[in-house]
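Colleague: Protein chains in written order, with my numbering: chain A, 1 to 496; chain B, 497 to 641.
Just so you know, nobody snuck in bad clues.
Pair ranges (Cβ atoms, derived):
no., chain 1, residue 1, chain 2, residue 2, range
1, A, Gln36, B, Glu507, 28 to 36 Å
2, B, Glu507, A, Arg32, 26 to 34 Å
3, B, Glu532, A, Val46, 46 to 54 Å
4, A, Val46, B, Glu507, 44 to 52 Å
5, A, Arg32, B, Ala540, 20 to 28 Å
Simulated from the structure, these hints should not be mistaken for lab results. Cβ atoms here follow ideal geometry from the backbone N, Cα and C, with glycine treated the same way.
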Amino acid sequence: MDRTEISERIRREARVAGLRDARTPSLEAVERRRMQLWILTVILVVALSSGAVVLSMWPGRAPDLASPAVLRLGIVLLSLAFCGYAIEKELHLRRLTRLLTDEQVLNAALANRLHEVSLLLEAGKAMNSVLDLDAVLGVILRGSLQLLGARAGALSLLEGEELVAAAAMGDGVAPGQRLRLGEGTAGTVALTREPLLAEGEDGPGTELCVPLLHRDELLGVLEVRAERRGAFGEYDLRALATFAEQAAAAIANARLYEAERSHVAELLELDRMKSEFLALVTHELRTPLTTILAAAETARRPAVREQGATDELLGIIVERSKRLAAMVEDLLAAARCERMERPTALAEVDLGVLARLAVRDFGISGRAVELEAPQHAPVFGDPLLLRRILDNLLDNAHKYGAPPVRLVVEPRGDRILLSVLDAGAGVPEEARERIFERFARLDDHRSKPGLGLGLPIVRGLAEACGGRVWVEEAPGGGAAFRVDLPAARVPARGAV
Amino acid sequence: MRPLVLIVEDEPDMLLLLRLTLEDAGFETCLAADGETALRRIDAERPDVVLLDLMLPVLDGWGVLAELATRPAGPPVVICSATDGRRERTRAAELGAVAFVSKPFEVEDLIRVLRGSLGGPRVPRPARAPALPDVLLDRGRLGLA
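Given only the sequences and the hints, what does the whole structure look like? Please build it.
Modeller: Given below as structure tokens:
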């Protein structure tokens, strides 16, 4: 529906609503008074004429209708009647002229209001028919300029403590221009949240500036400029403020829609990751299971038994079963972390002792770890959880990094920093957050065995112990996984 | 003769309702929806009193008051506005308005103020006139709520 159609419809509906019928009594009153005046004049003339006739027929007087006295009376009466008619005509014409002008005034006022309303309606419809934020901002700016017949203006959105011009037309403001709160006309309006009519402050022109408020939240500022002084008045400011109310609602809607859209995209991504994870789990569990089954089947064959190869096969079965058990343990731990289950009680644990034990066990399995740790490093935590953190990080360093792998424990005031460093390729910056998320394994690690749950478990356990975990680049290259834990007591100076 | 009121107001419904109300109360009326038309009609119709809104298109109420203030003789002006701070009152009085009615208003009060402003000589403009008395009128009674 185009604008002329909308205007036409509004006009029709205004008529139906009876707005224009209110003028009718006024016209009727004039006509009624006019009729009364005429009736009065006619009655007067008839009464006077009949009086004259009756008087002339009075007994004792000869009826002489042609007498000069009666003629004079008749002429006077006729003149009076004519004068009355002329005066009444003049007054009536004046009233009609006034009413006609009134009618024009009303029409103009109505047309003006309809123009505003139809522009608002049209802009409102346009604003709500697009959901893309940039398109909405463009529609708002164009609509406001059209409303006020201006050619220059800008729409700035609030970002933190700054206004950023998101859309601009004409001279003055460039898109992307930044303005602090309280700076310039727009900045002042953002601070006071009141519409402002500014003249000659930033130049010779006039500027209208209104806040975009949605549910008491400032979204931004809309400004319209004209080169001429006095081009806008308070009337225009009010119209723009009304427009801004609708505009703010449209911006809020568009933002809501964008947030919703990105939320849906996140959920879809999570869903995809879960499907991939399920496939991975199935594959990882099936691999040792296949080996176990094959080994058991083989061990049952008499020929194998006779050759005395059973022990070797049993060894394979035990080793693969352990791997299966470890994987199931990982899955359970990850599920516990997801449910945010905290250990029942945190106790004082010596991280120095735990670190030495872990390094020894890794050494036994042929994976060397260099240790730098003080004799004692008491932290608050759960010994089982902390040991698991150490195991997962050291295992991770050996699996994805490269030797030498180093384990460093450093007391830092009321915190203790635990670091696992390797000399591998390191973790690319964009993946440093993602590797702690469940189901996320870096693409070039797809070939390595494992469920990809090691680091998410570390994060969950560290948080359960009141700590924090992150990864950064190690001095001299490689990855440095850091765990920050609360110390049990501040170590004495020089204790390291 | 019924006194003639020039109603200056930009809302069409308000114009119509004020006309009906004031005609019922014994006034003749003529209408203007912007400041420029108001000045033209003051010249053409010579109204006995002007009921002036402040927020108007083309030329606002302040512009009309300022223009009338430069003339040696003109009709008394009653301001009828929704913006009614102390500053507005003082400014209106300085520009020669004889009364200030804030919206929403009571019809009886508006009529009383208009009648009271008739006939009296134009108020001479002192440099600093006291703020005009506040007359509260009820918009709801006009059926505009």
